[in-house]
Structure formats: structure tokens, C-alpha cells
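> Take a look at the letters that make up each chain.
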Amino acid sequence: MTNLAIDLMGLTLKNPVLGASGTYGSGFEFLPYYDVSLMGGIIGKGTTLRAKVGNPPGRLFETSSGLLNCIGLQNGGVDYFLREILPEVRKIDTHFFANISGSTIEEYGILAEKLDVDGVSGLEVNISCPNVKAGGLAFGTIPEDALAVTKEVKRKTSKKVMVKLSPNVTSIVEIAQAVEEGGADGISLINTLLGMAIDVEKQEPVLSNIFGGLSGPAVKPIGLRMVYEVYEAVSIPIVGLGGIVSVQDALEYILAGATAIQLGTANLINPLAGSVMIQGLEHYLVEHQIDDIRTLIGKAHHKEEV
Amino acid sequence: MPYATNGTITANILIHEHIYRMEIECADIAKEAKPGQFIQIRTSDHLMPLLNRPISIARIKDNRIEIIYAVVGEGTKNLCEMKTGATVSMVGPLGHGFETNLSREKVLLVGGGMGVAPLHALAEVLYAQGCEIDTILGFNRQEDIFSDKEFEHWSNNVYVTTMDGSCGIHGHACTPLDRHLSIYDYRHIYACGPQPMLHALGKICNEHHIDCSLSVEEYMACGIGVCLGCVQPIRDKAGSISYQRVCVEGPVFSSREVVYDDELGH
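From first to last, the protein sequence lines are chains R and A.
Here the first sequence is numbered in our numbering, starting from 1 and rising by one per residue.
Here the second sequence is numbered in our numbering, starting from 1 and rising by one per residue.
Same shape as in the complex, but just chain A (with noise of 0.2 Å):
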């Protein structure tokens, strides 16, 4: 169940240029938050910005939450200069995760960009579960590089990508698939990251007959299901399309239901 609730921010720390590490004290959510869920973060006590920010949920520690996010508005400009002991307003945990249901099984994590934030909670699960974790960490640049080496804890391989190959593999989260794909047996494949990189991921788990959840990201107003307003178009198990709430039935969602943007003819 969700919560409209305030925490108290334990820490707001830079990693690295624009991007952030903000853990907040609150029993209520952290309790009820799965990997892959998100909350809704009041970024000011005035009417601008005006909507709430949604951020996933980066780790769950018993009783405090932690997100990671960059810098790239008001609102969230507004967040990085919070500071610590400070109250923060928030709705959640929001949104349908990650299932967990694996023990024991080889899966492969698929971030890219701000979309790694999700893959620790979920990491941190799998691995609990006795999952081996093969890590694939998809970055523009060196510079952007974020929590390599903590998924180097919970993962056999970590992989990383850069687009402009300043650092590790040349080319984008996918770039490694292929090989990769014919090496290992992967149960379930996990992403979170940009819409080309999910879409890229979707369609070769498909072909391959693997099982992934994509975690999609979606303009969002209200993050509770009452607006329609961050809808993707989702393929139901009779093959008919309708839009559907990323805040509700997403953000993550099967391959096998997301509709590709060659498909609408885009």
C-alpha cells in the first residue's frame, strides 16, 4: 500500500558532476517498497515546480529508502540542495516492480544511464535469492560512470559500456548481447534505462525466447493511476493494444508486452 507521507533526509551526496545520492528515513515506505518501484518527491513547498518528481526506489535499508538522481531541472535542482535532517514530502512506494520470484538462476541486469538506480534493489534481492548476477552498465562517457563497483558485489561479471568508448566496451548497453547471449543461459534478463536501449533489449529477448521486464520511464503527473497521462502502449495476452499507466500497471513491464516503436509506424 502507498503512503503520502514526509521522511527525513539522512544523506544528499554528490557522486560525481550532476549526479546524487539521497537516502531518506521512512519506515512506512521502505517497508512496502519492492525493487523497481518509485516515488513521487515534492521538490519545493511552493507551487513551482508544481508537480512532484518520480524517482525510483535506488536500494531499501530496513528503514530508510535511497534514491539516485541527476540534476537536470528545477525540481531536481531543488533536491540536491536539500539538506541532511531535512523533511521531505513524498508518495509512495508507487508502481508495479520487479518480480523477485527467482532463486538460484543465472539472470543478467541491464542498466543505462539513470536507469542503473533500480538494478541495486533488485541486485541486492537476486543475489540474497542465490541468483548468479551477470551486471551490464551502459554510460555516454567515462564521466558518467556510476556504481560499478557495487554491483561488482553482487554480480559474477559487470560489464561496462561507453557510447563514445572512452571506457570499457565501445557502444551502448546491448552492444554486448549478442555475444553474451551465446555464451550463457540467462533465466530472466532485467532492464532499466532509455526507451532506444529498451526497445534494442526487448526485441533480442523476444527472438532469443527469453524472459525480460523492461523498466520504461514516462512523462508523470499525479503517479497514482487518476490523470492517464503516462501512458506507453502495452500488447495484452490477446494481441489487442491500449495505453496503459507506467505509474500503475508499469514501470516495468515483459518484453513480450511492450509495443516497438517500428510497430506504430513511427
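Extracted from the complex, chain R is given alone in its bound form (with noise of 0.2 Å):
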């Protein structure tokens, strides 16, 4: 009998597949293609104070391998999210992690107060969102406001608090050891990486924002790696995602270091990816007589010390 349970930030979660946020709705869409239930968890599509309209249209763009996106956080803010979907959310039977950006550290504790509710398991904080132009990605490029957000947030909620981090930045372990020296229970990374495209008929940006963010399997390999990198530098857990397609991806970041996974880009191309993905993920360790699935964390790292 293999283990695919984990233990993530005190919580136990069915596997390590969650599905990542602003790829996953709030769980319930994907309810006619499978039963979500099934998932280790998921994490809810960012949620601010108040509701965003996003960006105007000219979201979206496929690259190679990649898809560039500048939505800009639209949601209809907290209240909207309280009132109209945790409800919803309730009837899932698995851990839901509630993404919350805010556009000054106060707004990140209010945030974090109200959504200390039954239903909500813990809280993605997201200060690495590249498409809105306050707060989100600013506070995930210096480590002494990203140390800030975490501590208001950890004063201001008794739920698990893991902070999703932004690639956009020159040393992602600084930002790592900030979060950590916190308060954080946990780390997810990677957010998207910053990209474009310009359009050669008209000779213009493609995207409405200009630049958005890049994700899908194109990232896979630079978020792999901060995730090793972050791996040996923190205690906390990690969560890793960036273009995690496969089951071979899913494994390499668990070697690289991750408790668990998300998948985001792979969602979009394929409804069906989470529960593919997890009974992948069974099946390798059938395969390789591997009894439990913890064995792998951060395996990779072990070889050099041979």
C-alpha cells in the first residue's frame, strides 16, 4: 500500500496536488469533469479588499510552450468572496487556501482577519502578482516588505500562512529567508515570470497591460531550480509550481525540495489534469515500490553530500 498523504504546514492533505491559484476557480468549476474532492487541496483565485474589475481585454497570449496572461486580479473582493462562494467552497471536502493580495500591509491584515473563518484551511499570500500596478509583485521584490506582509498577516489570522513568491527578483532566497524570519508556516513559488509580446501587423504590444505574466512549461525548468535553491535555504516547507505539466515535473520539483505541488497552466489545457496528475503519481510509486511519497522531498539534494 503506497502513501500519497502529506503532512503541509501541520495540515494533512489527501496528496501533494493543489490547484493553483487563478487556474482553479474555487474548486467547484471543475466539479463536472471530476470529483475535486479528490485533490490534496486548492487554492482559491487571488481575493482583494475590495472587488477588481482586472484589466481590460488583450489578456491572454501562447507563446512557445507558455502562456503570458495580465488579467489583474479580477475578483469581486472579500465580502463578495465570504458571502457568494465559501459556501460553495464548504461542500468540497478537502483544504482550501484562500489567495490574498493586498495593496498596502494593512490591507494584507484585514485580508487575513476576515477570511479567519471555518472553511478556510490557511492563506496563499500573494506578493508577486505581476499585473497590478499597487502592491502585489512591490511587496515580493523587498525582502523587508515581504518580512512585513508576513508578520501582519501571521499577527492577524490563526491559520496556516504560507507566502507565494515572484521569480522577478535577483536573489529568491533572500526574499525566502525574509518570509520565513515572518512568521511564515510555508513558501509556494514560483509566481510568473514578467514577459511580453508585440504583435507585428499592428506594431504594438499584444497584452492590454503591455507586459503580463509567463507561465506553462516554458517555466518549468527556472522554477525547478529556485525551488532547489530555496530548498537549502529555509526550514518551512515548500510548495512548488511553474509549469508542472507531468508527472515527471511533479517529481522533479518533489526531489528539487517541494511537500507538495500546484498545478495552474495545466488546468487550463486540460480539465481533467489534477485527478490525471495524482493518479500518475500513484502509479509511479506503485512501480517503483516506493511505500510512501515523503521519502522524495528534497531527495535530490541528498546525492552531493555522497
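It should be emphasised that the hints constitute simulated quantities derived from the structure, not laboratory data.
Fair warning: there could be bad hints in the mix.
Straight-line distance between alpha carbons at most 35 Å, and here's what the computed DSBU-like set of lysine-lysine pairs gives [to be verified]:
no.	chain 1	residue 1	chain 2	residue 2
1	R	Lys91	A	Lys237
2	R	Lys91	R	Lys114
3	R	Lys114	R	Lys14
4	R	Lys202	R	Lys299
5	A	Lys34	A	Lys203
6	A	Lys237	R	Lys114
7	R	Lys91	A	Lys31
8	R	Lys114	R	Lys159
9	R	Lys114	R	Lys151
10	A	Lys83	A	Lys106
11	A	Lys203	A	Lys83
12	A	Lys203	A	Lys237
13	R	Lys91	R	Lys159
14	A	Lys106	A	Lys61
15	R	Lys52	A	Lys203
16	A	Lys237	R	Lys52
17	R	Lys91	A	Lys106
18	A	Lys31	A	Lys237
19	R	Lys52	R	Lys156
20	A	Lys31	A	Lys83
21	A	Lys77	R	Lys202
22	A	Lys34	R	Lys52
23	A	Lys34	A	Lys77
24	R	Lys299	R	Lys160
25	A	Lys203	R	Lys202
26	R	Lys202	R	Lys14
27	R	Lys151	R	Lys52
Build the complex: two chains, separate frames, hints provided.
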């Protein structure tokens, strides 16, 4: 009997497969396709204090094995979430993490306090959105700010807190250490990489926001390298994401040090991606006669010590 | 309810130049599909192209659906190379299609370019319900014209327009409208095509107080409502404007809900 269950920040997850923020709705959107309660967890769509209309159309562009987006955190605001969405989320029997994004440190605190409710297992603090003007990425690029946001959120919630880091920095290790120092229970990485595309017929940028976040298989080697780096620098658990599509991708992230993984763009190209991934990981363990997936976490590092 | 499922290609025929008609056997999708809905079709076993391609359902027959597509890029190039008997992965039927609750009414269908495709299924249903159908099909050039003969079966009148005047009425699909609206009293106008055509038509219908459904197009990723990539500005009954998803709330919107380019100051 193989074990896929993992411990993440003191929570027991059925398996290490989570749906990434902004690609998994609130979970129930996938119910026509499979039993979403099979998932290890769900990270909700980015939630802000007040409703956000998002950026104008011209929000998407496909690149070589990648996807650029500049959605701009379109959401109904935290009160709308609590009133309209959370009751539906509670019907799904898995861990739900609310993803929060503030334009000031205080806003992060208010969001954390409002979301300290039943049905929310934990928070994912987005200090890395590349597509909004105020806040977002700004907090994710300066270690002192990242630390301050983390501290404020921890102070205002009884829930487990993971902080989602941006790859758009010189040293991801510095930021990771800052949020650990701020009291984060975990870290998720990576958010999207800032990129752009230009329409050569119109001779202007394709995206309405000019720049957008790049996701998908094209970014996987970068995310993987960053998880590997951060694993050696912090002692809190890491949730790895960035271009994971195949079972091999997920295993690479786990071997690099991720306790769990998130599927993002994969959900957009196949609504069954979550269910396929869980089955695939189980199959891998059986084939390789591995009893417990937890024995693989960070294993790629151990080789160096020999 | 939509399905993520496989189908078997039963035909994939070049209509002409770069336009193909593909017939796919897939009972799950066929039994649920309504005119104006679409499928997300996988064009490769690999990760390039990465995204599925959203393509409107042109016809629904028993356990088969038909799509009509133009080869415009890598994804549709892959599609046109697929052989009869091959398995294709799809999600669908998706989106909010045309309302087809009219019977024995006089209606007008307006299709522009590839926007003609979803009007086949619509015409079939409305015709079966006893509607009197007129159809305007707009194309760029004579060489682009397709399905005009098919629509003759369901329509009292089929008018073809071409932008270059090489066939039929010279102009775009809305060119014959002024004359039509003064002669006929249409209960509903249904349209699919490029945005400039839809916006021109929508504004005319609003001025004449004619119910009008517009099937819009937008760059799309997931097709199932989670990425919020394919939005258009839409006005609700109270008059407030928000970005709504073409893949879930659309692709068909009322001409009264659509926010026109000049209102946004473009």
C-alpha cells in the first residue's frame, strides 16, 4: 500500500497535488469533470479587499510552450467571496487556501482577519502578482516588505500561512529567508515570470497591460531551480509550482524539495489534469516500489552529500 | 453539462482553400450540444501548441458534431492533418449558446466569415420550429464563400455579400440591413462574425428595437471559466459594466448587453 498523503504546515493533505490560484476557480468549476475532493487542496482565485474589475481584454497570449496573462486580479472582493463563494467551497471535502493580495500592508492584515473563518484551511499570501499597479509584486521584491507583510498576516489570523514568491527578483533565497523570519508556515513558488509579446502587424504590444506573467512548461526549469535553491536555505515547507504538466515534472519538483505541488496552466489545457496527476503519482510509486511519497521530498539534494 | 472526453474523427474534408469541415463522433457532447456552443479541441499530443482551440459547433447530428474551421496557425494546421478514424481530445459543449425558443416567427441570421459556422445548427433548429428564416452571409472575397447553398435549404432568402464586390452585394454583412429592416419585421436577429460587424449590427438593432443575439469571439485559454482571460465588457440590467467571460456567460450576448467600442472611447 503506497502513501500519497503528506503533512503541510501541520495540515494533513490526501496527496501533494493542489490547484493553483487563478487556474482552479474555487474548485467547484471542475466538478463536471471529476471529484474535486480527491485533490490535496485548492488555492482560490486571488482575493482583494475591494472588488477589482481587472485589466481590459487583450489578457492572454500563447507563446512557445507558455502562456502570457495579464488578468489583473479580477475578483468580487473578500466580502463577496465570504458571502457567495465560501458556502460552495465548504461543500468540497478538501483543504481550501484563500489567496490574498493587498495594496498596503494593512490591507493584507484586514484580509487575513476577514478570512479567519471555517472552511478556510490556510492562506496563500500573494506578494508576487505582476499584473497590478499597487502592491502585488512590489512587496515580493524587497525582503523587508515581504517580512512585514508576512508578520502582519500572521498577527491577524489563526490559520496556516504560506507566502507565494515571485521569480522576478535577483535573489529568491533572500526573500524566502525574509518570509520565514516573518513567521510564514510555508512558501509557495514560483508565481509567473514577467514577459511580453509584440504584434508585428499592428506593431504594438499584444497584451493590454503591455507586460504579463509567463506560465506553462516554458518556465519549469526556472521554478525547479528556485525550489532547489530555497530548499537549502529555509526550514519551512515549500509548495512548488511553475509549468508542472506531467508526472515527471511534479516528481522533479518534489525531489528538488517541494513538499507539495500546484498545477496551474495544466488545468487550463486539460480540466482533468488534477485527477490525472494524482493517479500518475500513485502509479509511479507502485511501479518503483516506493511506500511513501514523503521519502522523495528533497531527495535530489542528498546525492550531493555522498 | 460539459465533458472532457475523446471523439473519433469521421470526416475531415477541405471545403476550399484553407477552410475545413470536421465531423466527430462523440455521443456525450452531441447529446448535450445547443446551437452557439463551442468545444475546446486538443490539436497536438505535445505541449506546443499549448492551449486547446475553441471552435464553435457548426452542426449537431445524432451522436456526431461538426466543426468548420479555417487553417490560420499551428493548431488549426494540426487539425487539418488529422485523419478519419483518429481520436481527438475535447472539452464541451461549452458556453451559453443562442436562445432557440422561437417558433413560427420571422428571423434573420447574419454570419461574417468563419462566424457563419455556428449558424448552421441554429438554422436547423429554427427551421424545424417553423421559423421563417432570412440569411445574410458576408465574406471578404468570392473565393471565401462557403455554405451559401446549405443555407438555401433553411432560408426563404439567402443574401451573400463580399467586401471586394466580387460576388453578391458589395459591402459587409450589414450592408443589406437598412433595406431589409424597412421591408421586414424581424422578431429576432442572430449573428456571429468579426467584432466590427457585430458592433455595427448590434447598434442598428438597438436603434430599431429589434431583439438581437451576438456571438462574440475573444482570445481564450481554459474555456471553462477559471482563467478569466476571455472577457468582454458587458452591461447588466442596472446599467453597470463589468468584464464577463466569453466562455461561460457568452459567447452569445444580447445586443443590449454588449458595450460598443465608441462607448469605451477607443
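> Each hint needs a verdict: does it hold in this structure or not?
Here's how the hints hold up against the structure:
1. R:Lys91 / A:Lys237: Satisfied, since the Cα-Cα distance of roughly 31 Å is no more than 35 Å.
2. R:Lys91 / R:Lys114: Since the Cα atoms of Lys91 (chain R) and Lys114 (chain R) sit roughly 20 Å apart, the hinted pair holds (cutoff 35 Å).
3. R:Lys114 / R:Lys14: Roughly 27 Å separates the two Cα atoms, so the pair holds.
4. R:Lys202 / R:Lys299: Given pair Lys202 (chain R), Lys299 (chain R) is violated - Cα atoms ~49 Å apart, limit 35 Å.
5. A:Lys34 / A:Lys203: holds, 26 Å
6. A:Lys237 / R:Lys114: holds, 31 Å
7. R:Lys91 / A:Lys31: Holds, at about 29 Å.
8. R:Lys114 / R:Lys159: With a Cα-Cα distance of about 11 Å, the restraint between Lys114 (chain R) and Lys159 (chain R) holds, given a limit of 35 Å.
9. R:Lys114 / R:Lys151: holds, 16 Å
10. A:Lys83 / A:Lys106: Violated, at about 41 Å.
11. A:Lys203 / A:Lys83: Measuring from Cα to Cα gives roughly 43 Å; hence the hint is violated.
12. A:Lys203 / A:Lys237: Status holds; Cα separation ~17 Å.
13. R:Lys91 / R:Lys159: holds, 19 Å
14. A:Lys106 / A:Lys61: holds, 24 Å
15. R:Lys52 / A:Lys203: Judged against 35 Å, a Cα distance of about 28 Å means the pair holds.
16. A:Lys237 / R:Lys52: Cα-Cα ~20 Å, so holds.
17. R:Lys91 / A:Lys106: Given pair Lys91 (chain R), Lys106 (chain A) is violated - Cα atoms ~46 Å apart, limit 35 Å.
18. A:Lys31 / A:Lys237: holds, 32 Å
19. R:Lys52 / R:Lys156: With Cα atoms ~23 Å apart, Lys52 (chain R) and Lys156 (chain R) stay inside 35 Å; holds.
20. A:Lys31 / A:Lys83: Given pair Lys31 (chain A), Lys83 (chain A) holds - Cα atoms ~24 Å apart, limit 35 Å.
21. A:Lys77 / R:Lys202: holds, 23 Å
22. A:Lys34 / R:Lys52: holds, 33 Å
23. A:Lys34 / A:Lys77: holds, 27 Å
24. R:Lys299 / R:Lys160: holds, 25 Å
25. A:Lys203 / R:Lys202: holds, 26 Å
26. R:Lys202 / R:Lys14: With a Cα-Cα distance of about 49 Å, the restraint between Lys202 (chain R) and Lys14 (chain R) is violated, given a limit of 35 Å.
27. R:Lys151 / R:Lys52: Given that 35 Å is the threshold and the Cα spacing comes to 25 Å, the pair holds.
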